[in-house]
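Residue strings, one per chain:
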Amino acid sequence: MNRGLHIAVRLPRPGFALSVGLDLPDQGICVVFGPSGSGKTTLLRCVAGLESAARGIVRIGGAVWQDDRAGIRLPVWQRDLGYVFQEASLFEHLDVRGNLEYGLRRTRRNDGEAGLMAAVKLLGIESLMTRPVHTLSGGERQRVAIARALATQPRLLLLDEPMASLDLARRQEIMPWLERMRDELRIPMLYVTHSTDEAARLADHLVVLDAGQVRAQGAPAEVLASVESPVMAGGDAGTLVHARIVERDADWHLIRAEFPGGSFWIGDGGQPIGTQVRLRILARDVSLQLQEPTQTSIQNHAQAMVESIGEGPHPSQAQVRLRCGGVPLLALVTKRAVNELQLSPRRPVWVQVKTVALIP
Amino acid sequence: MAIPLSHESLQAVGLTLKLAASTTALLLVVATPLAWWLSQTTSRWRAPIGALVTLPLVLPPTVLGFYLLVALGPQGPLGQFTQAMGWGVLSFTFTGLLIGSIIFSLPFAVQPIQHAFEAIGKRPMEVAATLRARPLDAFFTVALPLARPGIVTAAILSFAHTVGEFGVVLMIGGNIPGKTRVVSTQIYGHVEAMEYAQAHWLAAGMLLFSFAVLLGLALMKRRMDRILA
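So the protein lines, in turn, are chains A and B. Residue 360 is where the first sequence ends in the numbering used here, and the numbering goes up by one at each step. Residue 229 is where the second sequence ends in the numbering used here, and the numbering goes up by one at each step.
Be a bit skeptical, because a hint or two may be false.
[Unchecked claim] Estimated spans, in silico, between C-beta atoms of each pair:
no.: 1; chain 1: A; residue 1: 121; chain 2: B; residue 2: 17; range: 48 to 58 Å
no.: 2; chain 1: A; residue 1: 117; chain 2: B; residue 2: 220; range: 33 to 43 Å
no.: 3; chain 1: B; residue 1: 122; chain 2: A; residue 2: 21; range: 19 to 29 Å
no.: 4; chain 1: B; residue 1: 122; chain 2: A; residue 2: 25; range: 28 to 38 Å
no.: 5; chain 1: B; residue 1: 122; chain 2: A; residue 2: 16; range: 12 to 22 Å
no.: 6; chain 1: B; residue 1: 84; chain 2: A; residue 2: 17; range: 54 to 64 Å
no.: 7; chain 1: B; residue 1: 45; chain 2: A; residue 2: 127; range: 49 to 59 Å
[Unchecked claim] Take a look, some chain A residues computed to stay more than 10 Å from chain B by CB distance:
no.: 8; residue: 93
no.: 9; residue: 149
no.: 10; residue: 155
no.: 11; residue: 265
no.: 12; residue: 268
no.: 13; residue: 315
Hints were generated in silico from the structure; no laboratory data involved. No experiment lies behind these values; they were computed from the predicted model shown. Glycine is no exception: its CB is placed at the ideal position from the N, C-alpha and C atoms.
Chain B on its own, in the form it takes in the complex (with noise of 0.2 Å):
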C-alpha cells in the first residue's frame, strides 16, 4: 500500500517533529535550573515567577500567540532586539515559533521537575556536601540522577505537547508549508479545503501517538514505584 499522506503532509509531520524535539532539548535547559530555583529558593519572587510559569497552562494559546506576534513583529520590543541583533524579525518563521513552543510547553517541563527536586528534599545535598562536595558538584552529582524519573516525564510531556499545539503556531507561525505549517495546522488545512481522507490520516495518527505517550508514561510511573517501593 502506497503511503496515502500527501507531500505536504509528511512535510508537516517531519516539521513536527524537528519543533517538538528542538522545544524540548531547550526546554529541559531553561527548566531545569528553573524547577530547582523555584524548589529551593524562600524569596518573595517565588510565587509570582511560579505563577508566571505557569500561565500558559490557563490562558487561551491564541493570548500568548497575539502578545508574541506583537512583541516579536517589526514594531515590538523584541523584534526591535533581534533586527538591532541582525536576526531580523522572528514572527512567521521557524525560531519564532520555537520560541513560542518553549514558552507555551514550560509548566509541562518545569512541574515535574520541580515536584522531582522537591520530593528529593534537601537531604542528599547535605549529605553531599559533608562528602566534600561542592554545591554545584552535588547539583550534577547527585540532585540530577535523583531527579531523573521527572527529567524524563518533562522531556516526555513537553514533546507530546508540543506536538500537539495550534492555537500558539497559528499565531506566529502562520501557516507557511515548510515553514511553519505543522500537523495540528496541517489537519486544519485539509478540513477547510474538504479534505477528509488526508485529515482522517493526521488526526488519527495524532490520536494513536498521543494515547501511546500517556500509556508508556503510566507504565514507566507504575515501574518506578515498584522499584522504589
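Chain A on its own, in the form it takes in the complex (with noise of 0.2 Å):
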C-alpha cells in the first residue's frame, strides 16, 4: 500500500463534520460520489491543503504531505498536485500557453516541456495555444485547465465536477478526453462529481459520501447496486455491468453483449468483436417475470434471483436487487407487483431490460 494514495481527514465545520478514510492504488479514477453538501469538495480541498483547519493524515506512495500528529503539514505549493476547480478559473490576463506554462515554471524539472506537451496531446489543445482564454468555449476552457494542472507532471489529480459548470453537449465534447485520461495516466485521480453518469463511465473505484462520511466504497458496479446507499435511490439508479462484444448482426445493426450471467444485443456502435464495454442499466428499465418471457418487443432478457428487496423514491415503489450470473442488477418495480408475483430473497425470476446503455 506504500505507493498508493493514503487518506485519513477530518474537519468540523459547525452543523457538519467532515471525517473521511481512504486508501487508493497508485492509479485510475476513483470517484467520489455523493449529493451536494455531502462534502466531496471539502474533502478534496482537504487533500490539496486549501483548508487550513483539517487535520489528519495525506500520504502519497513515500511522500507525506501531512501529518498533523508528527507536526507535518506542507503548504499548498510544495504538494505535488494537480487541482481542477469546478469553474475552469483560468488567468485571464494569460493567453492559453501562459495559462499551461505557470505551474510547469514552477517546478524544477528537466523533461518540462515534456510533460506540458503530453497534457496538450493528451487533452487536443495544441490549435488553442496562442489564443486569449476570453475567446475559449466553456469546453475548450476547461480543457486547458485540466492540461494546465497535468503540465506540471503531478503524482496525484484532483478534479472537483470539471463538468458541472458545463452544458450537456459540451460534457459530451469532454467526456472522451476523461476517458483517455483514466486509461493512460499513470497517477491516482480524485473525481468528484453528483452524476451517477459520469460516475458509472468514469470509475475505477467509487466511494459515495454522505453528510461528510464515507457510505460505501469499493468496485463501481457493487457500489450503484447497493439498495442500502440511499443516495442511488433516486430516478437514476442504475448498476453497472462489464461485457464483452461478441457477435454482430449486420442485417438489423446489432451487437450482442456477453456478461456472466447472459448476453444482450445492442444497437451496433461499430465496435469490434472482443471489445472490453460497460453496459448501464437503469432500475426504471427493468422489469421482473416468473416465466421466461415471449412474444414481447423487449429482445433482451436474462435469468436472475432476487437478492434483497428495498425501498424505491416513492412510496408505491419497491426498489429489488437481483443476481445475474456473478452480475448485480437493481429493478425499480411498484410494491404491488412484488406482493403479486409473491417475490422474496432467493427466488429465481426473469429480468427484461428495455434500454441498455453502452459506455466505453
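Mind docking these for me? Both chains are given alone in their own frames, and the hints should help you get the complex.
In C-alpha cells form, the structure reads like this:
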C-alpha cells in the first residue's frame, strides 16, 4: 500500500463534520460521489491543503504531505498535485500557453516541456495555444484547465466536478478526453461528481459520501447496485455490467454483449468483436417476470435471482436487487407487483431490460 | 498668441503636476498592500482601519490640514521626530505638502484597488497555489495583473484628486510661490488680487482637465466591460 494514496482527514464545521478515511491504488480514477453538501469538495480541498482547519494524514507513495501528529503539514504549493476546479478558473491575463506554463515554470523539472506537450496532446488543445482565454468555449476552457493541472506532471490529480458548469453538449465533448485520461495516465485521480452517469462511465473505484462520511466504497458495479446507499435510490439508480462484444448482426445493426449472467443485444456502435465495454442499466428499465418472456418487443432478457428488496423513491415503489450470474442488477417495480409475484429473497425470476446504454 | 499665463501661474502648474505625480506614485506603493490586507483579512481591526482610511473622504480638508500642521510643526510628535532625524520641520515645505496629499487622497487609491481584489475572489490565488506558486509570487503574478483596472482607476483618481485639492494645501503648505503654491491656491490668490483674467485661464484649465479625466475613466470602464463580457 506504500505506493498508493492514503487519506485520513477530519474537518469539523458548524453543523457538519467531515471524517473520511481512504486507501487508494497508485493509478486510476476514484470517483467521489454524493449529493450536494455531502462534503465532496471539502474532501478534495483537505487533500490539497486548502483547508487550514483540516487535521489528519495525507500520504502519497512515500511522500507525507500532512501528518498532524508528527507535526508535518506541507503548504499547498509544496504538494505535488494538480487541481481542476469546478469553473475552469483560467488566468484571464494570460493566453493559453501562459496558463499552461504557469505551473510548469515553478517546478524544477528537466523534462518540463515534454510533460507540457504530453498534456497538450492528451487533451487535444494544440490549436488553442496562442488564443487569449476569453475567446475559448466552456469545453475548451475546461480542457485547458485540466492540461494546466497535468503539465506539472503531478503525483495526484484532483478534479472537482469539472463538468458541472457545462451544458450537455459540452459534457459530451469533454467525456472522451476524461476517458482517455483514465486509460492513459499512471497517477491516481480523485474525481468529484454528483452525476451517476459520470460515476458509471469513469470510475475504477467508487466512494459514496453522505453528510461527511463514507457510506459505501468499492468496485463501481457493486456500489451502484447496493440498495442500502440512499443516494442511489433516485430516478437515476442503475447498475454497471462489464461485458464483451461477441457477435455482430449486420442485417439489423445489432451487436451482442456477453457478461457472466447472459448477453444483451444492443445497437451497433461499430465496436470490433472482442471489445470490453460497460453497460449501464437503469433500475426503471428493468422489469421482472416469473416465466421466460416470449412474444414481446423487448429483446433482452436473462435469468436472475432476487437478493433483497428495498424502498424505492416513491412509497408505491420497491427497488429489487438481483443477481444475474455474478452480476448485480437493480429493478424498480411497484410494491403491488412485488406482492402479486410473491417476490422474496432467493426467488428465481426473469429480468427484461428495455434499454441498455453502452459506455466505452 | 502668447501664453496668457504669468510666470507665477506657470510655476504653480508645474508644482501641481509634480505634487500630483509624486503623490500618485507613493500612494500606489502604500495603498496596494493596504488594499490587499483589507480585502483578505478577517481580523477585528479590519473595520476600524477601513474607517480610518475612508475618513479623509468625509472630513473637511481644513480639519485634516490643521491636525497635520500641528503634528508636523516644531512641537508636534511628527515634527519632533523629523527634527531628531535631522530632516528639519516639514510644515510649509513640499515634503509636508506631499505627506498631506497622500493622506488626503488615500481613500481614492485604496478603494478601487480593494474592490478589484475583492472582485477577483480567492479562487485565482488558490489555483496559483496548486500550481506551485508561493503566496508572494502569486500576489505579483496573479492578483496584481488581474487587479490592473482597479489600479489604473486608483492612479487616475489620486492624480486628479491631488490636482484639485485646496484646503489641506493651504493649511500645511502655506502658499509659498515656487515651493507650495499650486494651481488651486494660485487661483485663490488671483481672485483675491482681482486678476480675473488669470483666474479664468487657470480655472478653465482645471475644469477641462477634470472633465477629461472623468470622461477617460468612463470610456476605459466601458472597454474593460466589453472585454470581460
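Status of the hints after comparison with the structure:
1. A/121 x B/17: 48 to 58 Å: holds, 55 Å
2. A/117 x B/220: 33 to 43 Å: At 39 Å between Cβs, range holds.
3. B/122 x A/21: 19 to 29 Å: holds, 28 Å
4. B/122 x A/25: 28 to 38 Å: Given a distance of about 33 Å, which is inside 28 to 38 Å, the answer is holds.
5. B/122 x A/16: 12 to 22 Å: For residue 122 of chain B and residue 16 of chain A the Cβ distance comes to about 20 Å; the hint holds.
6. B/84 x A/17: 54 to 64 Å: At roughly 57 Å between Cβ atoms, residue 17 of chain A and residue 84 of chain B fall inside 54 to 64 Å, so the hint holds.
7. B/45 x A/127: 49 to 59 Å: Cβ of residue 45 of chain B to Cβ of residue 127 of chain A: about 51 Å, so the range 49 to 59 Å holds.
8. 93: Per Cβ check, residue 93 of chain A is inside 10 Å of chain B; nearest 4 Å; violated.
9. 149: Violated, since 7 Å does not exceed 10 Å.
10. 155: holds, 13 Å
11. 265: holds, 47 Å
12. 268: Answer for residue 268 of chain A: holds, closest chain B Cβ roughly 43 Å.
13. 315: With a cut-off of 10 Å, residue 315 of chain A remains clear of chain B, as the shortest Cβ separation is near 43 Å.
Comparing the model with each numbered hint stated earlier shows that hints 8, 9 do not hold.
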